Amino acid sequence: VVDQIRLWQLENERMATTGGFLFKDFESDAEYQALSGYADEIGVLVWKSDLKRMFFASKHEQLRDYLKSRKKIEA
Amino acid sequence: MPRAIRGILVECEPSIKSIIINIDRQNHDYIIEDLDETHLVIKENMLVKLKIKIEDMLKDSYQVVPLKDDVTDEEDLI
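Those protein sequence lines, which keep their order, are chains A and B. With our numbering applied, the first sequence covers 1189 to 1263. With our numbering applied, the second sequence covers 491 to 568.
It should be emphasised that the hints constitute simulated quantities derived from the structure, not laboratory data. Be aware that a few hints might be false.
[Said to hold, decoys possible] Facing chain A, a subset of chain B residues (Cβ under 7 angstroms, in silico):
#1 Ile498
#2 Leu499
#3 Pro504
#4 Lys507
#5 Tyr520
[As the list claims (entries may be wrong)] Here are some chain A residues pointing at chain B (derived, C-beta under 10 angstroms):
#6 Thr1205
#7 Asp1213
#8 Glu1219
#9 Asp1228
On a predicted model such as this, the values are computed, not experimentally measured, just so you know. The beta-carbon is built from N, C-alpha and C at its ideal position, and this holds for glycine as well.
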C-alpha cells in the first residue's frame, strides 16, 4: 500500500505523462510551422520547440492526413 | 517527410529528469528523445518499469540506516 501511495505521489506531484507521437525531421521550417500550427488548431499539440523543429501531439491520424493533402497540393 | 514516433511525453522537475537520464545511461532503452529541461519522450512499453526504478532510487536516497543496531549485533556475537 505504501508503494502505491508513493507511485501516486510521483504521478501527481512530480511527473505528468501523455501518450502520443513525437514529430521530427521536418524538411523545412514552413512544413514544421504548418503541421505544428494545425496540431495546435485541432487541439492535439502538447509540447513544441521551434528551435528543434519538433513537437509532441496526442494523436497523429489527422496530422498524417493533413500532411498527405499538403503534399498533393505541392506536387 | 517528417517522422512520427510513438512514445510517452514525460513532464517533470529537473531532479526527476536527471534520475531518468541516469537510469537510461546503463542500456539506453528508455529515452527516445531528450527535449528540454523538464520534458523527454520515452518508449511506451517502458513507462511502468521506469516508474518503479525511479521509486526505488527515491526510496534509497531517503532511507536512513540505523547504525546503532548494527553495532549492537556485533557486540552480541562477541
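So, going through the hints one by one against the coordinates:
no.	hint	result
1	Ile498	holds (5 angstroms)
2	Leu499	holds (5 angstroms)
3	Pro504	violated (11 angstroms)
4	Lys507	violated (9 angstroms)
5	Tyr520	violated (13 angstroms)
6	Thr1205	holds (5 angstroms)
7	Asp1213	holds (5 angstroms)
8	Glu1219	holds (7 angstroms)
9	Asp1228	violated (15 angstroms)
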